[in-house]
Amino acid sequence: MSRNHGTKLAALLAALAVVLTACGGDSGDAKDKTSTKSASAGNAKDKKIVVGAANFAENQILAHMYAKVLTKAGFKTKVQTGDLTRETLSTALQAGDIHLTPEYVGTDTEYWNKEINGAKAKALASSDVKKSAAALRKLLAAKGLVAYEPSPAADQNAFAVTKKTAAKHKLAKMSDLGKVASQLTLGGPAECPKRPFCQPGLQKTYGAKFKEFKALDAGGPLTINALTAGKIDVGLVFSSDGSVAAKGLVVLADDKKLQTADNIIPVLRKDVDSAELKAALNALSAKLTTKALQSLNKAVTVDKKDPDEVAEAWLKKNGLL
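FYI, the numbering for the sequence shown is 1 to 321, going by the working numbering.
Don't take each hint at face value.
Stated by the list, open to error - Simulated crosslink set (DSS-like; lysine-lysine; CA at most 30 angstroms straight-line):
{"no.": "1", "residue 1": "305", "residue 2": "163"}
{"no.": "2", "residue 1": "76", "residue 2": "47"}
{"no.": "3", "residue 1": "163", "residue 2": "138"}
{"no.": "4", "residue 1": "270", "residue 2": "114"}
{"no.": "5", "residue 1": "48", "residue 2": "143"}
{"no.": "6", "residue 1": "76", "residue 2": "317"}
{"no.": "7", "residue 1": "131", "residue 2": "114"}
{"no.": "8", "residue 1": "173", "residue 2": "211"}
{"no.": "9", "residue 1": "256", "residue 2": "287"}
{"no.": "10", "residue 1": "231", "residue 2": "211"}
{"no.": "11", "residue 1": "278", "residue 2": "317"}
{"no.": "12", "residue 1": "209", "residue 2": "173"}
{"no.": "13", "residue 1": "45", "residue 2": "76"}
{"no.": "14", "residue 1": "211", "residue 2": "168"}
{"no.": "15", "residue 1": "194", "residue 2": "164"}
{"no.": "16", "residue 1": "298", "residue 2": "168"}
{"no.": "17", "residue 1": "211", "residue 2": "130"}
{"no.": "18", "residue 1": "231", "residue 2": "170"}
{"no.": "19", "residue 1": "257", "residue 2": "131"}
{"no.": "20", "residue 1": "209", "residue 2": "72"}
{"no.": "21", "residue 1": "138", "residue 2": "256"}
{"no.": "22", "residue 1": "214", "residue 2": "298"}
{"no.": "23", "residue 1": "131", "residue 2": "163"}
{"no.": "24", "residue 1": "316", "residue 2": "76"}
{"no.": "25", "residue 1": "291", "residue 2": "257"}
{"no.": "26", "residue 1": "173", "residue 2": "247"}
{"no.": "27", "residue 1": "291", "residue 2": "163"}
{"no.": "28", "residue 1": "256", "residue 2": "298"}
{"no.": "29", "residue 1": "194", "residue 2": "204"}
{"no.": "30", "residue 1": "130", "residue 2": "214"}
{"no.": "31", "residue 1": "130", "residue 2": "257"}
{"no.": "32", "residue 1": "131", "residue 2": "164"}
{"no.": "33", "residue 1": "120", "residue 2": "204"}
What the hints assert, rightly or not - If you anchor each label on the Cβ, the simulated ranges turn out as follows:
{"no.": "34", "residue 1": "72", "residue 2": "193", "range": "36 to 42 angstroms"}
{"no.": "35", "residue 1": "120", "residue 2": "303", "range": "19 to 25 angstroms"}
{"no.": "36", "residue 1": "173", "residue 2": "302", "range": "49 to 55 angstroms"}
What the hints contain is simulated information worked out from the structure, not anything from laboratory work.
We put the beta carbon where it would ideally sit given N, CA and C, even for glycine.
Working from the sequences, and respecting the hints, build out all of it.
Okay, here's the thing in structure tokens:
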């Protein structure tokens, strides 16, 4: 669940090759297609900061935002896109093929927790964004990576209903589901019945035992369309998904904090860290909200606009360009 975006190790090497060749946008010299390795000594602004973006619209919007505010701050930048996952981006970060990527606090914490401490490691992420970010920074330090301040904007697992269902059963928060779940059908990815933040978590934390479960997708169009068509009553979505608001769906408040804090956070190589780079990215992060992220996502996924153009328009509107 959350923003794992592919965990198959078999795809790792093939996708990593894309990191070295694919270019989704360039805020620096468009002719420079060479891989940028670890930063050498000298002025950090003389180094090209390669910003890697995962293979979904939101992450690409964020990557373009990072590149643009850094370009304004005097850095040379380049946005790297392709069929990239957390695994390939993390490998590329450590290798120095990319230098910076937008990440998600809770999900990235548990990714590195398992990478470093083993698959059965005790969970370190929680609904507390500050504590989760602190845990993430400790894990990253062991890999020569750092993380700046998390943004108020978050993209995490959420559960939505239609306005009709919300009104009929008086649903506003997840706790409200406990009394009526036996009348409702839950929809989500096939792994939902086994994942602690999906069906088992809903039953354990909220006492929500559903009438039926339908396997669909992870917060994607199958789930959204099934909700609006009345084929399911409750669906797993992502909190920043622009189509949720566009379809008039109601996201139920996670009042008992089942989900981990998946706030947006810049993760980068320690050898490109600098006060100027940090100031530029922290200024951006401070202004980005979940509502803004929903609007940005809608512009790309629903209105079919270019992520680069959407990023630039928002930055200008908010005084960051």
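Checked hints:
1. As the CA atoms of residue 305 and residue 163 are separated by approximately 28 angstroms, the hinted pair is consistent with the 30 angstroms bound.
2. For the suggested pair residue 76 and residue 47, the alpha carbons sit about 7 angstroms apart, so the restraint of at most 30 angstroms is met.
3. At most 30 angstroms may separate the alpha-carbon atoms for a hinted pair to count; residue 163 and residue 138 exceed this at roughly 42 angstroms.
4. Restraint check: the Cα-Cα separation between residue 270 and residue 114 comes to about 21 angstroms, which is no more than 30 angstroms; the hinted pair holds.
5. At most 30 angstroms may separate the alpha-carbon atoms for a hinted pair to count; residue 48 and residue 143 meet this at roughly 21 angstroms.
6. A hinted pair counts as satisfied when its Cα atoms are at most 30 angstroms apart, and residue 76 with residue 317 qualifies at roughly 23 angstroms.
7. A C-alpha spacing of about 18 angstroms is found between residue 131 and residue 114, which places the hinted pair at or below 30 angstroms, so the restraint holds.
8. For a cut-off of 30 angstroms, the pair hint linking residue 173 to residue 211 stands: about 19 angstroms separates their Cα positions.
9. Taking the CA atoms of residue 256 and residue 287, the gap is about 27 angstroms. The hint holds against a cut of 30 angstroms.
10. At roughly 13 angstroms between alpha-carbon atoms, residue 231 and residue 211 fall within 30 angstroms of each other, so this suggested pair holds.
11. With a CA separation close to 21 angstroms, the supplied pair residue 278 and residue 317 stays within the 30 angstroms bound.
12. Taking the CA atoms of residue 209 and residue 173, the gap is about 16 angstroms. The hint holds against a cut of 30 angstroms.
13. For the suggested pair residue 45 and residue 76, the alpha carbons sit about 7 angstroms apart, so the restraint of at most 30 angstroms is met.
14. Straight-line distance between C-alpha atoms of residue 211 and residue 168 comes to about 17 angstroms, which keeps the hinted pair within the 30 angstroms bound.
15. Our distance criterion of 30 angstroms between C-alpha atoms is met by residue 194 and residue 164, whose separation comes to about 29 angstroms.
16. Restraint check for residue 298 and residue 168: the C-alpha separation of about 28 angstroms stays at or below 30 angstroms, so the hint holds.
17. For a cut-off of 30 angstroms, the pair hint linking residue 211 to residue 130 is broken: about 37 angstroms separates their Cα positions.
18. With a C-alpha separation of about 19 angstroms, the suggested pairing of residue 231 with residue 170 holds against the 30 angstroms cut-off.
19. Between the alpha carbons of residue 257 and residue 131 the distance comes to roughly 14 angstroms, so the proposed pair stays at or under 30 angstroms and holds.
20. Of the pairs offered as hints, the one joining residue 209 and residue 72 is violated, with about 52 angstroms between alpha carbons and a cut-off of 30 angstroms exceeded.
21. For the given pair, residue 138 sits about 27 angstroms from residue 256 by alpha-carbon distance, which is consistent with the 30 angstroms threshold.
22. For a cut-off of 30 angstroms, the pair hint linking residue 214 to residue 298 stands: about 26 angstroms separates their Cα positions.
23. Annotation: proposed proximity of residue 131 to residue 163 is violated, straight-line Cα distance about 34 angstroms (limit 30 angstroms).
24. The straight-line distance between the Cα atoms of residue 316 and residue 76 is roughly 19 angstroms, inside the 30 angstroms bound, and the hint therefore holds.
25. For the suggested pair residue 291 and residue 257, the alpha carbons sit about 19 angstroms apart, so the restraint of at most 30 angstroms is met.
26. At most 30 angstroms may separate the alpha-carbon atoms for a hinted pair to count; residue 173 and residue 247 meet this at roughly 19 angstroms.
27. For the hint linking residue 291 to residue 163, the alpha-carbon distance of about 19 angstroms falls within 30 angstroms, and the restraint holds.
28. At roughly 28 angstroms between alpha-carbon atoms, residue 256 and residue 298 fall within 30 angstroms of each other, so this suggested pair holds.
29. Restraint check: the Cα-Cα separation between residue 194 and residue 204 comes to about 12 angstroms, which is no more than 30 angstroms; the hinted pair holds.
30. The suggested pairing of residue 130 with residue 214 is violated, with an alpha-carbon distance near 35 angstroms, which exceeds 30 angstroms.
31. At most 30 angstroms may separate the alpha-carbon atoms for a hinted pair to count; residue 130 and residue 257 meet this at roughly 14 angstroms.
32. Pair hint residue 131 plus residue 164 does not hold up; C-alpha atoms about 37 angstroms apart against a cutoff of 30 angstroms.
33. For the given pair, residue 120 sits about 20 angstroms from residue 204 by alpha-carbon distance, which is consistent with the 30 angstroms threshold.
34. Under the hint 36 to 42 angstroms, the C-beta atoms of residue 72 and residue 193, about 47 angstroms apart, miss the expected range.
35. Evaluation of the 19 to 25 angstroms hint for residue 120 and residue 303 yields a failure: the beta carbon distance comes to about 44 angstroms.
36. Checked against the hint of 49 to 55 angstroms, the pair residue 173 and residue 302 fails, with Cβ atoms roughly 26 angstroms apart.
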